[in-house]
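Visitor: Read off the chains here:
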Amino acid sequence: MTGPGNQSQSKLVRWIDHRLPIFTFMQHELHDYPTPRNLSYWWNFGSLAGIMLVIMIVTGIFLAMQYTPYSPLAFDSVERIMRDVNYGWLMRYIHMNGASFFFMVVYIHIFRGLYYGSYKEPRELLWMLGVVILLLMMATAFMGYVLPWGQMSFWGATVITNLFSAIPVVGHAIVAWLWGGFAVANPTLNRFYSLHYLLPFVIVGVVVLHLVALHQHGSNNPLGIDRKGPQDSIPFHPYYTIKDMFGLSVLLIVYALFVFYMPNALGDTQNYVQANPLQTPPEIVPEWYFLPFYAILRSVPDILFIPAKLAGVLCLFGAIGVLFVLPWLDTSRVRSARFRPVYKWVFWLLVADVVALGICGAHRPEGWYITTGRIATLYYFIHFIVLLPVIGWLERPLPLPTSISAAVTRKGGAALAGAAPSMEKH
Amino acid sequence: MAETAQPRPMDAHTQDSATRRDFLQIAATALTGIGAAIAVWPLIDSMNAAQDTLAAGAPLDVDISHLQPGQQIVVLWRSKPIFIVNRSAAELQTLQEPQVAGLLRDPQSEVEQQPPYAQNWHRSIKPGLLVLVGICTHLGCIPEFKPAPGGDLGAAWPGGYFCPCHGSRYDLAGRVFSGVPAPYNLPVPPYTFISDAVVRIGENPPGSSFDLDSVVQL
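Here the protein sequences come in this chain order: A and B. Numbering (our numbering) for the first sequence: 1285 to 1710. Numbering (our numbering) for the second sequence: 833 to 1050.
In case anyone wonders, no lab produced these hints; they're calculated from the structure. All C-beta atoms, glycine included, are put in the ideal place defined by N, C-alpha and C. Some clues are possibly wrong.
On the chain B side, residues computed to face chain A include the following (Cβ under 7 Å) [stated by the list, open to error]: (1) S878; (2) N880; (3) P981.
Looking at chain A on its own, in the form it has when it is part of the complex (with noise of 0.2 Å):
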């Protein structure tokens, strides 16, 4: 391994560091980088989410080198990926069920970072980033998932665009600067492929910040309490590289079983149909990921003097615009559920609750789905306005243990260990 930059053995290394630090940088920032030792395995999806971006980038630029974004056009050389391009048909697997493993990494990574409090005083900032990677995620997937130009990305661009016409006043001179016509047609396939080249790399430059904003005051832990010295860290290499590469493992073992034996499991067939602006398909579903905010769109009726389209349209919005103030609406200083007896059943009512929203959206809204849809999406705004800060002031916390070390090791475990089970082994 490198030593630090400026005492490395190699004198280039030495040269290189004086005039651009980069060596010292890594040792800093991935080598000696601090880590609390007591992260558990749920710690492990950021990282793995960053390798997805990985993945769906250079998957992505070889992909985009056969694909033609031209309307006519378009579907047959999806086609031509998948039949006559080498090992095209593995490269858009790989792009395609991608797009799944990365909002399941990301989903998980988000429902930790609510489990454990880690929006909270000081990381507002990286939690406000991460949603806003959220929001680019989603707008990247979307405009992806139209690109091979089959019914579902004809139909389902169709509904999202026309979302915005809900929008008083202007609403329909928006959709049609959206389409840059009179409907979903090709000068709307070109401005997506071109905007969904574009903000993966947008993607990557607010990653870059997410992670400034981690490496200022560290990883949170499964515990949510502060480090309070060096008997609490451990230096992030090895220790949490190799517990990074044993995830991934498991996450590539499982993705290339979906890419390899099931590869079109996640997806709609009706998406190997050609787009045909004169036929609806029977239904309009959403990929898996985007089926809880379906729901919402499609739940919400008209609310006071708000029509429901606009107020659907409101909520699907404002359901990832809550995560935005999250940090201010949970009142609860103590970070971690562990310590917090109420928000921890709590937490896995929301996550019920999401579930349900999920599978509201896949199913047309009729009967019992529109009465579970519409309770499921006001609980979930109920969550996060009403409960969170109410069982902020009303709970009342176990008491937190005094260091991570105290809490994790054998000498100060005992005490707690009803409190934190111990997933590691020291």
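Using the hints, position chain B against chain A.
Guide: Chain B in isolation, oriented as in the chain A frame:
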């Protein structure tokens, strides 16, 4: 940090004896490297010609039954213009004249710019029928067909090809003139006769092998 670091088994060994950990590290690194190389290959290979592109480069059958003496047709094979000329008896006569050979850089077609079966004075299988890749060996322009002797190309012009880009000249067998920018004769692609009326571009006659990629200058 130092306080919590575990004692490393490596420290217990002398430096010159390889430990189990050394072995694991080398094996894991090597395997990761091999895995990365394998993962990169599909990406690189995807940039090679796709199967439909290769299929579009399959041999091409051309009907030459209506080709009149002195007439040239141009077909496209593998995105290259292929000149097919039915040379008249007079034109074949010109090719053999010593003063024409004196104008040429490589009159005997010694440089490998044609299949072995076309390395002759007429640079073709049948003397009358000429098949050439119509790309100037200078900088890739398409030479013009100027079969008539003399004219604005000078009294000594025996008939042949004139490249409009930089003035390279070739005779009616695609042999390059001396003193022009183009260095080599026009390439002859592999071809064979399916019948008297059909020539197949891109396939060698039975028993011979020649790859167009093997010519010196395409």
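Visitor: Now tell me if each hint is right for this structure.
Guide: Right, here's what the structure says about each hint:
| no. | hint | verdict |
| --- | --- | --- |
| 1 | S878 | holds (5 Å) |
| 2 | N880 | holds (5 Å) |
| 3 | P981 | violated (48 Å) |
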